[in-house]
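Visitor: Here is how the chains run, residue by residue.
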Amino acid sequence: MVINVENVSPIKKKISIEIPTERVSREVEKVYAEIRRNASVKGFRKGKVPQPIIEKYYSDKMEADVLKNLINETYMKALIENKIVPVSQPSFESDALTPGQAFKYSVTFETAPEIELKECTGLQVEKRKLVSDEKVVDGRIQELREGMAQLKVVEEPRPVAMGEFAVIDFKGYLNGVPFERGEMQDYPLQLGSGQFIPGFEEQVVGMSPGETREISVTFPAEYGAHELAGKPVIFQVTLKEIKEKDLPPLDDDFAKQFGPYDTMDQLRARIADVFNKEEEQKIENELRDRLVKALIEKHEFEVPEAMVEKQLTVLIDNMKNNLARQNLTLEKIGSSEEIIRTQARSVAVSQVKGSLLLAAVADKEGINVEDAELEEKIRDIAAQANKDFEVLQSFYQGNPYAKDALVMQLREDKVIDYLLKHAQVTEVDTLSENA
Amino acid sequence: MNIYDVIQKPLISEKTQVEKESKGIVAFQVHRDANKLEIKTAVETLFKVEVTDVNTINVAGKMKRFGRHYGKRSNWKKAYVTLKEGSSVDFFEV
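Residue numbers (the working numbering), protein chains in the order written: chain A, 1 to 435; chain B, 436 to 529.
Think of the hints as simulated: they come from the structure by calculation, not from any bench. Hints may be right or wrong, so weigh each one.
Partial list, computed: chain B residues near chain A (C-beta under 8 angstroms) [stated by the list, open to error]:
(1) Gln443
(2) Ile447
(3) Ser448
(4) Glu449
Every residue, glycine too, gets a C-beta built ideally from N, C-alpha and C.
Start from the sequences, fold in the hints, and give me the full structure.
Guide: In structure tokens, the structure reads:
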């Protein structure tokens, strides 16, 4: 068997293989023997069909089977002998198979590029400084306060203002005739909330309790009920009472409602703490992203199309899952797979580059994931997802793909840690755009 | 009778295969009205061989039943044609 490996480009390889005559004949005979056992030809019992007739009826099947067997065997062998790992579907090219002749074929596929690692210590990266922001805390507390607010009836008679709740009775007339579902009693409407059709809420403003007004509005053209869409109608509205939001005072009692906090200060501290942790996480992620980016920029190499495509598929699947959780699809947000494929292409390319580089660094520095580390990580995941460690452990044991993915992720994390340790990190207030 | 109408199809089975290999006899389904002479000339011209003997037999069609309907398959004629030693017929190349 003659194997000839040819590098078409840094990421493309072509293997030509020639299989000698006697190997081909042996395979042909073997396949015919197999076919003869199961061939059914009219006029003959199973297994009793003579060779010439088999050859006439089944030469196509023989050829396909022989090709499959020979290629399976020799292709795998060629890959192992030359230590090549294809990352794309191989494409085969072969001459027709003729029994009694040597068989030649060639395979082309993409491989991961060989990466020449340059200096990967002392990378310069910027890190954003953590700024605790009092405003964020205030905003969060205001939200909590709004959430705890209760509606209170305004006793003294005065005109209702925007933002307040107007408790109203209303009845709608289309051409002087009341229309279906146009009537409501004691409806609490927050003015300015945009709940009702445009123009309605604005015209309620200024009414005093007990007052009745006629409001004329036009239904929007794309209104749900067709008989009303685009039609001008008149509503008879009676304001019954005004309610306004009663915000609870920000005191220690308020704080106690949100958990084990005795004073307002404790609540504030807690909110600031959560915020800081989120920020820290964000900064850490940004730092890691930038580090990988810096690494990518130092190296230039081609990326196999197949890997990019695969990464794109992963990205799109993730996106779809996220959307599905909100009951959306790509089409609903006015996009499609093709659009995203082109948009997210550069992201996918840099992700692939990043993971290739990180793997290369890991190989060079001998960074590996120990079983104990893997176990610890699984314990972490179990704790986060509130699942039994044993259940997860057995899931990963029985699922080599998931396990490999996890190990890969751990390894990349370790490599980034390593790079970070040897990198020059400068703290800045705001990140520069092109780093 | 036109020689192209005489021979309808070759009969290939385990039995005819054995006859062909040991005695040089090939079997055909032939037109029901064809006689031995017509069969001989037809085989000789179509397959370019020499024929020494022709035996024929009328095969009665089987009675077949499908539910409560009865039917009969057509009768047909079978011919065993003995070829002169050294000649042979390959049905798949015709």
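Visitor: Could you run down the list of hints and mark each one as holding or not?
Guide: Taking the hints in turn, this is what the structure says about them:
{"no.": "1", "hint": "Gln443", "verdict": "16 angstroms, violated"}
{"no.": "2", "hint": "Ile447", "verdict": "5 angstroms, holds"}
{"no.": "3", "hint": "Ser448", "verdict": "3 angstroms, holds"}
{"no.": "4", "hint": "Glu449", "verdict": "5 angstroms, holds"}
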